[in-house]
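Trainee: With the hints as extra help, turn the sequences into a complete structure.
In the order they appear, the protein sequences are chains A and B. Read in the working numbering, the first sequence has 116 at position 116, and its numbers run on one by one without any break. Read in the working numbering, the second sequence has 153 at position 153, and its numbers run on one by one without any break.
You may find that some hints are simply not true.
[Claimed, not checked] Across the chosen pairs, the derived CB separations fall in these ranges:
1) B/Arg-45 to A/Ile-2: 39 to 49 Å
2) A/Glu-49 to B/Leu-157: 53 to 63 Å
3) B/Arg-45 to A/Arg-44: 51 to 61 Å
The set of hints was computed from the structure by calculation and includes no laboratory data. Ideal placement from N, C-alpha and C gives every residue a C-beta, glycine not left out.
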Amino acid sequence: MININETLIIQLVNFLLLMFLLNRLLFKPMLRVLDERRERTEGRRQAAEQRDAQAEAVWADYQEKIQQARVEADRIRSDLIRRAEAERQKIVEAAAAEAEKNVAQLRARIQAEARDALAVLEKDARALAGGIAERILGRSV
Amino acid sequence: MEDITRISQWVVTVAGRSVTLNATTLLMSWVVMAGLVGFAVAATRWPRAVPGPVQAAGELLVEGFRDLVNDTLGKLGPRYFSFILSLFVFILVSNWLGMIPFLEEPTKDLNTTLILGIVGFVVAHVSAVRAKGWKAYLAQYFQPVFIMFPLNVIGELAKVVSISFRLYGNIMGGSIIILVVSDLVRQLVLPPVLQAFFGFFIGTVQAFVFAMLTLTYISVAVQE
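Mentor: Structure (structure tokens):
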């Protein structure tokens, strides 16, 4: 079929016509759709990146505040512990002083009572001894 | 078997001069053109953000070739994109047409492949003149020495011949092999594997090779 004739010219016209039609009907609309999609995607990507950056900032802020709160909580806890310890120490000391005072009072009272009991006992012993001696001697001593 | 050598022709008289046209080639070319225009309309009639199968195929083709042409030609890419892609799809669908019963490939006719080669040649050289200017364009034919001029011219013309005959030979050869094999098996068994191989595989490869060679010729021509 190597037969070059005027078909060549018609094929040239056919190809140029096809190129024109495809350019109008397919390539340009497709490129427009692709560009629009790219712009839309690009816009959304940028918005997403912006939101991502905002979220990062909020997260960092949150982390910083959490850290500050932890430090503050640690400080308050330590302070409370220290104060509670001091309070406990004070209470213990007061209780010890009170107990000591009570013990001293009790001891003094016991000693006084012991002394009284001893005096009574001595008096009773004398009276008893006098009675026994009077009975043995048969006379008043 | 005689079909391969028979050419149905129209002979018309234009301005008193007899004009011969290869009827099958032209009819099949119009079928290809109608198919491509139909595809173009179907792909772009209702453009959607989430494309359907036809739109997706169109987008894949257009985006792939746009990137390819832009990567090769840089900022000149958009100027040649529609030409290269038109060349590719026209040859591709022409080559695939032979797989459909009762239809033939327009690229089986040298008139088709030769004019496509000539168009590529003209585009490349016009681009070279526009990019470099006449003096620099003509000067390159005298490189590296003056006496190389005839060889350089022959080298340029050989590009048209090689690119046209490569496509024509591949498609015509495939058709001949399919015809011979079909005749040998007395048409009892259709050779679908051969049809698929020559029509689809070779057809696609040759269409791509033709488009890429034309793109390369343009790229070489416009280089400073």
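Trainee: State for each hint whether it applies.
Mentor: Comparing the hints with the structure gives:
1. B/Arg-45 to A/Ile-2: 39 to 49 Å: Since the Cβ atoms of B/Arg-45 and A/Ile-2 sit about 41 Å apart, the hinted range of 39 to 49 Å holds.
2. A/Glu-49 to B/Leu-157: 53 to 63 Å: This hint holds: roughly 55 Å between Cβ atoms.
3. B/Arg-45 to A/Arg-44: 51 to 61 Å: Violated, at about 26 Å.
Hint 3 alone, counting from the list given before, is not met by this structure.
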